[in-house]
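Engineer: So you can see what is in the structure, the chains are spelled out below.
Number of protein chains: 2
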Amino acid sequence: MKKFNTSPISGMQELLPNLQAEFNHLKTGIAEAFYRHGFQNIETPTIERTEVLLAKAGGDTEKQIYKVVKTAETASDADQALRFDHTVPLARYVVEHMNDLTFPFKVTQIGRNFRGERAQKGRFREFYQCDVDVIGWQKLPIAYDAEVIATLIDALQILPLDKYQVRVSNRKLLAGLLEELDLSTQSTEIFDIVDHAEKVPEEATIQALAQLQISPDTVVKITTFTKINGPCKEAIAKLKALNFTNATFNDGVRELEQVLSALEHKNNGKVAIIADMLIVRGLDYYTGTVFETIAPSYREIGSVCSGGRYENLAQNYTDQPLPGVGGSIGLTRLFYVLREHNLIQASLSKPIDICLIPITENEFPTAEELAAKLRKHNYNIDIFLADKKLSDKIKYADKTAQNIIIVGESEVQSGNFQIKNLATGEQKALTL
Amino acid sequence: MKKFNTSPISGMQELLPNLQAEFNHLKTGIAEAFYRHGFQNIETPTIERTEVLLAKAGGDTEKQIYKVVKTAETASDADQALRFDHTVPLARYVVEHMNDLTFPFKVTQIGRNFRGERAQKGRFREFYQCDVDVIGWQKLPIAYDAEVIATLIDALQILPLDKYQVRVSNRKLLAGLLEELDLSTQSTEIFDIVDHAEKVPEEATIQALAQLQISPDTVVKITTFTKINGPCKEAIAKLKALNFTNATFNDGVRELEQVLSALEHKNNGKVAIIADMLIVRGLDYYTGTVFETIAPSYREIGSVCSGGRYENLAQNYTDQPLPGVGGSIGLTRLFYVLREHNLIQASLSKPIDICLIPITENEFPTAEELAAKLRKHNYNIDIFLADKKLSDKIKYADKTAQNIIIVGESEVQSGNFQIKNLATGEQKALTL
Chain Y
1 MKKFNTSPIS
11 GMQELLPNLQ
21 AEFNHLKTGI
31 AEAFYRHGFQ
41 NIETPTIERT
51 EVLLAKAGGD
61 TEKQIYKVVK
71 TAETASDADQ
81 ALRFDHTVPL
91 ARYVVEHMND
101 LTFPFKVTQI
111 GRNFRGERAQ
121 KGRFREFYQC
131 DVDVIGWQKL
141 PIAYDAEVIA
151 TLIDALQILP
161 LDKYQVRVSN
171 RKLLAGLLEE
181 LDLSTQSTEI
191 FDIVDHAEKV
201 PEEATIQALA
211 QLQISPDTVV
221 KITTFTKING
231 PCKEAIAKLK
241 ALNFTNATFN
251 DGVRELEQVL
261 SALEHKNNGK
271 VAIIADMLIV
281 RGLDYYTGTV
291 FETIAPSYRE
301 IGSVCSGGRY
311 ENLAQNYTDQ
321 PLPGVGGSIG
331 LTRLFYVLRE
341 HNLIQASLSK
351 PIDICLIPIT
361 ENEFPTAEEL
371 AAKLRKHNYN
381 IDIFLADKKL
391 SDKIKYADKT
401 AQNIIIVGES
411 EVQSGNFQIK
421 NLATGEQKAL
431 TL
Chain V
1 MKKFNTSPIS
11 GMQELLPNLQ
21 AEFNHLKTGI
31 AEAFYRHGFQ
41 NIETPTIERT
51 EVLLAKAGGD
61 TEKQIYKVVK
71 TAETASDADQ
81 ALRFDHTVPL
91 ARYVVEHMND
101 LTFPFKVTQI
111 GRNFRGERAQ
121 KGRFREFYQC
131 DVDVIGWQKL
141 PIAYDAEVIA
151 TLIDALQILP
161 LDKYQVRVSN
171 RKLLAGLLEE
181 LDLSTQSTEI
191 FDIVDHAEKV
201 PEEATIQALA
211 QLQISPDTVV
221 KITTFTKING
231 PCKEAIAKLK
241 ALNFTNATFN
251 DGVRELEQVL
261 SALEHKNNGK
271 VAIIADMLIV
281 RGLDYYTGTV
291 FETIAPSYRE
301 IGSVCSGGRY
311 ENLAQNYTDQ
321 PLPGVGGSIG
331 LTRLFYVLRE
341 HNLIQASLSK
351 PIDICLIPIT
361 ENEFPTAEEL
371 AAKLRKHNYN
381 IDIFLADKKL
391 SDKIKYADKT
401 AQNIIIVGES
411 EVQSGNFQIK
421 NLATGEQKAL
431 TL
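The listed protein sequences correspond, in order, to chains Y and V. Counting from 1, one number per residue, gives the positions in the first sequence under this note's numbering. Counting from 1, one number per residue, gives the positions in the second sequence under this note's numbering.
The set of hints was computed from the structure by calculation and includes no laboratory data. The beta-carbon is built from N, C-alpha and C at its ideal position, and this holds for glycine as well. Treat each hint with caution, since some may be false.
Dumping the calculated DSSO-like pairs for lysine-lysine here, alpha-carbon to alpha-carbon at most 30 Å [as the list claims (entries may be wrong)]:
(1) Y:70 to V:3
(2) V:227 to V:240
(3) Y:3 to V:139
(4) V:70 to Y:27
(5) V:270 to Y:373
Some but not every residue of chain V turned toward chain Y, in silico, with C-beta under 10 Å [claimed, not checked]:
(6) 105
(7) 114
(8) 401
Bound-form chain Y, shown alone:
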């Protein structure tokens, strides 16, 4: 009989071992792809000073932040809270360790972040994010924008999704267009409308723009622009055909072309990469390149990774200009939707390679000897050490392991063993 509510707090992922193994497989695969691309790992503390976390944030973030109550021992410390993303702690980290870091600083963070969101299916209050960022000293070449995207594309190969489409744009394009149209004062609202344009019928977008007192002609100019998408050459030609003289806009065209053509070299046709002017990313934090990735066969999953270029990582903490570009995979949410789509099969991911079943205690030493040898080849080996019926021992192996080896008196004497695959029933001989 339970004496307590033992369920995890709502909004916190908790997995059975086989599913945890599958989650770890994805997390490790993503980390390895990041490392292969030369990103270095750092870990910042889970707890930060509240003033550091909220230096910029405000709004929703402030409402969702988990504050931490100080203990008797830490009473004199400043107000503290749990980090809600990796970007704010990264900014603090880079400023703190500036003199000890090598720039461009290619950094990856993979860890748990916290937001006190309303409990809701598929929404997590504790969630893993897998981030890559490149931080420049004073300036950072646009070539790194493409490198961040290429790195994330490589990392996505570990996921059980067949195809991806990376949609790239540059915030300077819409910003430049609005300068050209003399609408810069309304840019926050217009960026927001374009950001939501995909989720609503076209009329709703037109109406929303009209409500900002934008003339029908100008609305057409904006929607004509936002409909531009397609492969590099085609999209760049369309953007150039608009014949805008605005410098910001033309910077955007040049940067977008550089990113897309660099990606052609790096990507080798692995995934579809297109320009798409509907991508603006909600955050006003981004200043140049922006991107989102979808899996076309599972559009309802939404963005599997996204990111962009920011002009100044740490402007709230230092006067030193630190331009950067980064992207993130929200692994906990993604794992949840992959499971919802039956794309994760826990049954395939039994983490034990071989379970050794000694018939009696007399076979323990031989089983240990065999296990030690197999472990040297990096196999994960379990030995069943409890006194149970053979059928119960086999049941245990069947639930936890991929293969079984029964170690009885005759095996001990002969030094010959049979390894049996528990999924296929296939047997192979093995000697000590």
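Assemble the complex: chain Y is given as a structure, and chain V must be docked to it using the hints.
Structural biologist: Below, chain V without anything else, positioned relative to chain Y:
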């Protein structure tokens, strides 16, 4: 100029990338050893209901617990706090998922725990613990006590320490001795005195026992017992020679002998394993086997891992008996003391295998091609993409990578490259 205090909160580990790579190397190595021994990984949430965390704890733990302030969205939830160890969440997990787990449940948890301790050199408020536990259903054979110790011994091989000594005892021995001496009512105090005996002169121990109104004769019996230590056969012989008839004591002798002789098979002389009656472990949570491990060349490091047998993992949450045995490596503290002893060399752990240096942008495509090929062999490859003087590019490689390949016009044309080891200066030829 800094606008904020950007240092991490006191008591929280934050490492530069090269040291982080070294920390990760140890953490991964420990996890892999646990997996090789058939332990399955789980992760429980960082945040738990306070009533679950404090169901047993009390005392110091309650004072050091980090409570979490609910947000507007989570206002209706129960009181919450950060976990302070892995054992309490494991108990909740096992009760919650009892019907879906396979017993004996061999489980490992590696993650961050939180205690609001007083800020002090080498004391951490956020710290990694690497735990292994085996949980039985109703009962659990003593063979698993040896398996937990053997697993931890294998895991310790990744640390830069040359020798270990595992000191094993069984709490039933001292408990049985106190029954025999009619001192059971004072057992908490006496266990505590024995637990501290090593840290004080012998007279202090004798005096502390005398203060409990224990007669000098009886004090001698206790100290004679606590001085017993040595290899299995020798120590067991000495314990048997005491000729106690008490059943608990003799259970302890039998169990200790089983654990030590099983370890002789598993360990193959890799580390010194001795019985030592001074080991009782402070926690009254333990009921049988107890162990601590030291590195004899660095005694001041203290225990590098420890653990023991507990009769009932989850008695606060369920009536179901769940005996277990487990142990833990406190990695954050250990990493700190290893650094203090200069046993961790960050300079050796540059996480990038090869840094490619294109001379100009013209060489980017060839560098990308070479990088893609090397990444297929699981090398961590960085490409320097910024426009800097060659000497600055080489300086960057020297700080972050183990090897360098310069990609210039002639290399592009010939397809022949020189890979240079940045530590030794050694060069090797390489072709696309």
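Engineer: So, for every hint listed, does it hold in this structure?
Structural biologist: Going down the list of hints, with the structure as the test:
no., hint, in the structure
1, Y:70 to V:3, "holds (24 Å)"
2, V:227 to V:240, "holds (14 Å)"
3, Y:3 to V:139, "holds (21 Å)"
4, V:70 to Y:27, "holds (29 Å)"
5, V:270 to Y:373, "holds (15 Å)"
6, 105, "holds (8 Å)"
7, 114, "holds (8 Å)"
8, 401, "holds (8 Å)"
Hint check: no violations occur; every hint is consistent with the structure.
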